[in-house]
Amino acid sequence: MRLVDYLDKGASLGTDAPCLTMDGRDFSYAEVQRLTYRVARGLAATGVAAGDKVAILSSNDPVAFSCVFGVSRAGAVWCPINPRNEAAENQFILDAFDCRLLLFHSHYAAVVEKILPGLPKL
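The opening position of the sequence shown corresponds to residue 76 in the working numbering, with each subsequent residue numbered one higher.
Think of the hints as simulated: they come from the structure by calculation, not from any bench.
Among these hints, one or two may not hold up.
Below 25 Å or equal to it, Euclidean Cα-Cα: the simulated SDA-like pairs (lysine to any residue) are [unchecked claim]: (1) 128 <-> 90; (2) 196 <-> 109; (3) 84 <-> 158; (4) 128 <-> 88.
Simulated DEER-style distance windows between Cβ atoms [to be verified]: (5) 185 <-> 112: 43 to 51 Å; (6) 181 <-> 80: 40 to 48 Å; (7) 194 <-> 120: 14 to 22 Å; (8) 88 <-> 191: 39 to 47 Å; (9) 90 <-> 116: 14 to 22 Å; (10) 192 <-> 92: 20 to 28 Å; (11) 192 <-> 83: 37 to 45 Å; (12) 126 <-> 99: 22 to 30 Å; (13) 81 <-> 185: 15 to 23 Å; (14) 172 <-> 81: 19 to 27 Å; (15) 126 <-> 92: 19 to 27 Å.
Ideal placement from N, C-alpha and C gives every residue a C-beta, glycine not left out.
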């Protein structure tokens, strides 16, 4: 069973029910599902195929979690990257995992600029 299958199971019980909550705002199952489909389509459009590894660099927030589910929906493999790591450590992890794509929150753009030159596959 894929991770996104658990999301879809929860949605089958009520799409208006809260799925994710942050700072007092609820994101319904329907909202999260829609975002996961958008992420999956976006990944496919960039050439990400089933089994490809996709990393996400973000703090814990509903959009990041939705991206995790979207990676699963696309059939790709989610590789978590800790934003508290040093740039060199995340670069090593991305290379070791052979990640094909890195999704990141704009807050971490400076970190990504540091690590991308050492990752020609991304």
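Quick rundown of the hints versus the structure:
no.: 1; hint: 128 <-> 90; in the structure: violated, 29 Å
no.: 2; hint: 196 <-> 109; in the structure: violated, 29 Å
no.: 3; hint: 84 <-> 158; in the structure: violated, 30 Å
no.: 4; hint: 128 <-> 88; in the structure: violated, 30 Å
no.: 5; hint: 185 <-> 112: 43 to 51 Å; in the structure: violated, 30 Å
no.: 6; hint: 181 <-> 80: 40 to 48 Å; in the structure: violated, 30 Å
no.: 7; hint: 194 <-> 120: 14 to 22 Å; in the structure: holds, 21 Å
no.: 8; hint: 88 <-> 191: 39 to 47 Å; in the structure: holds, 41 Å
no.: 9; hint: 90 <-> 116: 14 to 22 Å; in the structure: holds, 19 Å
no.: 10; hint: 192 <-> 92: 20 to 28 Å; in the structure: violated, 44 Å
no.: 11; hint: 192 <-> 83: 37 to 45 Å; in the structure: holds, 39 Å
no.: 12; hint: 126 <-> 99: 22 to 30 Å; in the structure: violated, 38 Å
no.: 13; hint: 81 <-> 185: 15 to 23 Å; in the structure: violated, 34 Å
no.: 14; hint: 172 <-> 81: 19 to 27 Å; in the structure: holds, 23 Å
no.: 15; hint: 126 <-> 92: 19 to 27 Å; in the structure: violated, 32 Å
The earlier numbered hints that this structure contradicts are 1, 2, 3, 4, 5, 6, 10, 12, 13, 15.
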